[in-house]
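J.: So you can see what is in the structure, the chains are spelled out below.
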Amino acid sequence: MRTRTRELISSGIWTALGFVVILGARQYSLGTLGNPGPGFFPLVLGCLLASLSGIVFLKNLKQKLTEQDPKETRSFFPEPSSAKRVIIAYVNLCFFRLALQFLGFLLSVFFFSFFSVLAIEPLQWRKSLIFSILSALGNHLLFSVWLQIEFPSGILGL
Amino acid sequence: MDFLHQASYGFSIALQPANLFFCFLGCLAGTLIGVLPGIGPAATLSFLLPVTLAMSPVSAIILLSGIYYGALYGGSTTSILVNMPGEAASAVTCLDGYQMARSGRAGPALGIAAFGSFIAGTVSTLGLTFLSPVLADVAIKFGAFEYVSLMFLGLTILAYLARGSMIKALSMAVVGLIIGTVGTDLISGIPRFTFGIEELYDGVGLIPVLMGLFGIAEVLINMEESLKKDVYTTRFKGLFPDRQDWKDAIKPIGRGTVVGFLLGTLPGGGAVISSFVSYAVEKRVSKHPEKFGTGTIEVVAGPESANNAASTSSFIPLLTLGIPANVVMAMLLGALIIHGVKPGPLLMQDNPDIFWGTIYSMYLGNVMLLVLNLPLIGLWVKILRVPYLLLFPLILIFCIVGSYGSENKFMDVNVMIFFGLIGYLIRKTEYEAAPLVMAMVLGPIFEKSLRQALMVSSGSFVPFFTRPISGVLLGMGILLLITGALPRKLFLRKLPPNEV
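Chains as they are written, first to last, in our numbering: chain A, 1 to 158; chain H, 1 to 500.
Because the hints were derived from the structure by calculation, they are not lab data. Backbone N, C-alpha and C fix where the C-beta goes; we use that ideal spot for every residue, glycine too. Check before you lean on any hint, since a few could be wrong.
What the hints assert, rightly or not - A short list of chain H residues far from chain A (calculated; beta carbon distances all over 10 Å): (1) H5; (2) G127; (3) D137; (4) V174; (5) R192; (6) V219; (7) P352; (8) P393; (9) G420; (10) G459; (11) I478.
Said to hold, decoys possible - In silico lysine-lysine, PhoX-like type, Cα no more than 20 Å apart, as pairs: (12) K409(H) <-> K141(H); (13) K448(H) <-> K84(A); (14) K287(H) <-> K251(H); (15) K291(H) <-> K251(H); (16) K59(A) <-> K287(H); (17) K342(H) <-> K448(H).
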């Protein structure tokens, strides 16, 4: 994707958010200048965001394409395998959040550590296993035992 | 309180065994993350926050502050030995520090960075000690008009000093202000933008947003690079700079301290910019600027002193006005609020233990850091070999625990994960997260002051300009906006882009 396309998409999203905030702010009372209501500040902010991002959007729209400009063709990820690693790390994090609610802290940390290492360096089963056992025990001792943070107990009561 | 009374009180708090221990722990942890590239103080503070929940507020702030200024000591080690900035603020140190190391002078480079940091850190703490009470006295008289103008100036300075485009930085600040409006309106009591979600009535939590934007997003950015990095280390012997080194370095250390101290107090100023400005200043005053980049000790000493002076002076606006100067200070603000302490002009009166305890712990911390850094450098170099593959799951676990543990709410974890993605995407599209966070912190105070001021003036904007302090602050802000919109010919905006 070209840098310009990315700029257009991102500034477009911020502009749209500005308009959403303007619409949202109109649901609350605006008040008067001498006695501003709850909708006053958000309305001003919505207008500011829409116009600032609108300027960025229009600037990029007007910009002429110059093929030689290295900025124009720079890819989104620095390496071909970057996307895979970033997505794995993020999805794994989301699963960790879900697991924490249902499996309890100890097991969630174990699985999260295990899959984090394994997903990035496949076939390193032993390394992942040792690391995840140590990580689960260490984090359990630090947070549940020493700092006494109360996590949901999970299905196994751990 | 006179000075002696103040000092003995401050030291009596800072020297309590628990506080002394946490100060040491903070400096140690700070040096560690300073040495490790890819983990900054903001991310570290965010995931170490849960550890502080069980402590007294004084110990917690002493620990977290130690991590911050400790990180800036450690950052130079990696820059000099591995040519990779341990912290963004040490990026310029790579230029000449690594060249010194290559010509066999790694020892003096490391030594002068540590001594320079010590001198700058201590002088800056002295400034903090004497200026804060004065400023707090002035700030206590601030009314709604002054606060509005001050925050307006703060946000424009923040956008002006932004690395990328000013307009993008401004729009991020507006997004932050918008996020700040989520929750119950302070004046009318009406819930806004809560979408019927009860947990949002208190607003979006600052800590989960910070952890997402800085902790999670930083991990995701680091995941882009292959995780195996070759670490090459230089051999070195003798850490003490000789007489000639001192002669060359002492003036840059002095100038760096002044530059860092001044820039550190500005919103968005802080350690990174002051190290670049110190480099620029040295280049301007030097008699042989053509030698820069070949291993001149001046530009190791200056920037390293500047970033430490800045890290200390950035406490001034937080402790006296309740306004954070940078993201790390926003994090400390969040920590104070979790502990039920409200920073601001009244902090010195209401919580003298926190105010003076923190400041005086910095004198001790700087001594500890000097001791930690010089003899233990061999150990830090070994730590550089810990693979990121094992580090990143731990960082993410700490972030999850930190966001959940502060209030035992899954909503906070969801917010953090959401803002992790947002933080990653805005960095990839060349926006900055810092103005967003700062504006989010300031938002509610800004809105409340603005509405109060307008009620007092019955809708007129004239008093913002005619009240002396407010008028000056507002005028400076408008001037900055205008100069920022002009073509980039100004000195500050021509600084080397920070790619870290």
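J.: None of the hints should be skipped; say for each whether it holds.
T.: Results of checking the hints against the structure:
Against the 10 Å criterion, H5(H) stays outside the reach of chain A, whose nearest CB is about 36 Å from its own CB. Its beta-carbon lying about 36 Å from the closest one in chain A, G127(H) satisfies the requirement of being farther than 10 Å from that chain. Non-interface status of D137(H) relative to chain A is upheld: no Cβ of that chain comes within 10 Å, the nearest being about 30 Å off. A beta-carbon of chain A comes within 10 Å of the beta-carbon of V174(H); the shortest separation is about 5 Å.
At roughly 6 Å from the closest C-beta of chain A, the C-beta of R192(H) falls inside 10 Å, breaking its exclusion from the interface. With a closest Cβ-Cβ approach of about 7 Å to chain A, V219(H) is found to fall inside the 10 Å limit, against its non-interface label. Distance check on P352(H): its Cβ is at least 28 Å (rounded) from any Cβ of chain A, clearing the 10 Å threshold; non-interface status holds. With 10 Å as the threshold on Cβ separation, the claim that P393(H) sits away from chain A is violated: the shortest Cβ distance comes to roughly 4 Å.
The claim that G420(H) is not at the interface with chain A is violated, since a C-beta of that chain comes within 10 Å of its own (minimum 7 Å). Against the 10 Å criterion, G459(H) falls within the reach of chain A, whose nearest CB is about 3 Å from its own CB. Every C-beta of chain A lies more than 10 Å from that of I478(H), the closest at about 15 Å, which supports listing it as non-interface. At roughly 38 Å between alpha-carbon atoms, K409(H) and K141(H) are farther apart than 20 Å, so this suggested pair is violated.
Annotation: proposed proximity of K448(H) to K84(A) is violated, straight-line Cα distance about 45 Å (limit 20 Å). For the given pair, K287(H) sits about 13 Å from K251(H) by alpha-carbon distance, which is consistent with the 20 Å threshold. Pair hint K291(H) plus K251(H) holds up; C-alpha atoms about 17 Å apart against a cutoff of 20 Å. For a cut-off of 20 Å, the pair hint linking K59(A) to K287(H) is broken: about 43 Å separates their Cα positions.
Our distance criterion of 20 Å between C-alpha atoms is met by K342(H) and K448(H), whose separation comes to about 16 Å.
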